[in-house]
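Chains as they are written, first to last, in this note's numbering: chain U, 124 to 235; chain V, -10 to 100.
Hints in this document: simulated from the structure, not taken from any laboratory.
Where a beta carbon is used, it is the ideal one built from N, C-alpha and C, also for glycine.
Please note that the accuracy of each hint is not assured.
[Claimed, not checked] Straight line, CA to CA, 27 Å or less: simulated DSSO-like cross-link-like pairs of lysine-lysine:
1. Lys45/V - Lys206/U
2. Lys201/U - Lys165/U
3. Lys180/U - Lys45/V
[What the hints assert, rightly or not] Per the computed footprint, the stretches of chain U lying under chain V, defined by three or more beta-carbons under 8 Å from a beta-carbon of chain V, are:
4. 165 to 172
5. 219 to 227
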Amino acid sequence: EPEVTQTPSHQVTQMGQEVILRCVPISNHLYFYWYRQILGQKVEFLVSFYNNEISEKSEIFDDQFSVERPDGSNFTLKIRSTKLEDSAMYFCASRSTGGGYTFGSGTRLTVV
Amino acid sequence: QKEVEQNSGPLSVPEGAIASLNCTYSDRGSQSFFWYRQYSGKSPELIMFIYSNGDKEDGRFTAQLNKASQYVSLLIRDSQPSDSATYLCAVNYPSNYQLIWGAGTKLIIKP
């Protein structure tokens, strides 16, 4: 069964540092997403990406966040200057046209 | 404000019984409806999705959609202890690409 792969599984960083979360979506999927889930809370949408550009972003996705698809297979989320409140599980997802969303196993980001 | 509501539970069901999970949504323009299962500390795992009114069956799982009443439900037949998890309902709108999530219902299957 095709999978969405995320690395690292756990990242600890100091407040103010930059982090890059990496994702390899399913190869024939066209739509890519980042979601996050703060412990004990709802899953929240961050950004969607299609045809090499952002198609939609939420209020959470401010200037501190950026996404890239640098080489046609990887899909990255960068947080430029992390804050304590950025601590959460970050999930990458991809889907094909008309299909369900497949999620990666997540990166647990801890900002200290 | 588009919202998806679920009873947080926990919902306790004896092993072998039918578990019934419900979800309501606020926007009549909603188009696609998804059920995910999430074990503690893990990522959401897609169970099934439904687009059309009525029932959709996949193994022990049945999704039911009623657009007039704006609810979607998930039935789990012959519940197993391994079905114990949080079940997340998510809704996709045609005007954008994101999923709107409910807070999830915690299901406990008692052996």
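Verification of the hints:
1. With a C-alpha separation of about 43 Å, the suggested pair Lys45/V and Lys206/U falls outside the 27 Å cut-off, and the hint is violated.
2. Restraint check for Lys201/U and Lys165/U: satisfied, since their Cα atoms lie roughly 22 Å apart, inside the 27 Å limit.
3. A hinted pair counts as satisfied when its Cα atoms are at most 27 Å apart, and Lys180/U with Lys45/V does not qualify at roughly 31 Å.
4. Given as covered by chain V, the region 165 to 172 of chain U passes the check, having 5 residues with a CB less than 8 Å from a CB of that chain where 3 are the minimum.
5. Coverage of the region 219 to 227 of chain U by chain V holds in this model, with 5 residues showing a Cβ closer than 8 Å to a Cβ of that chain against a need of three.
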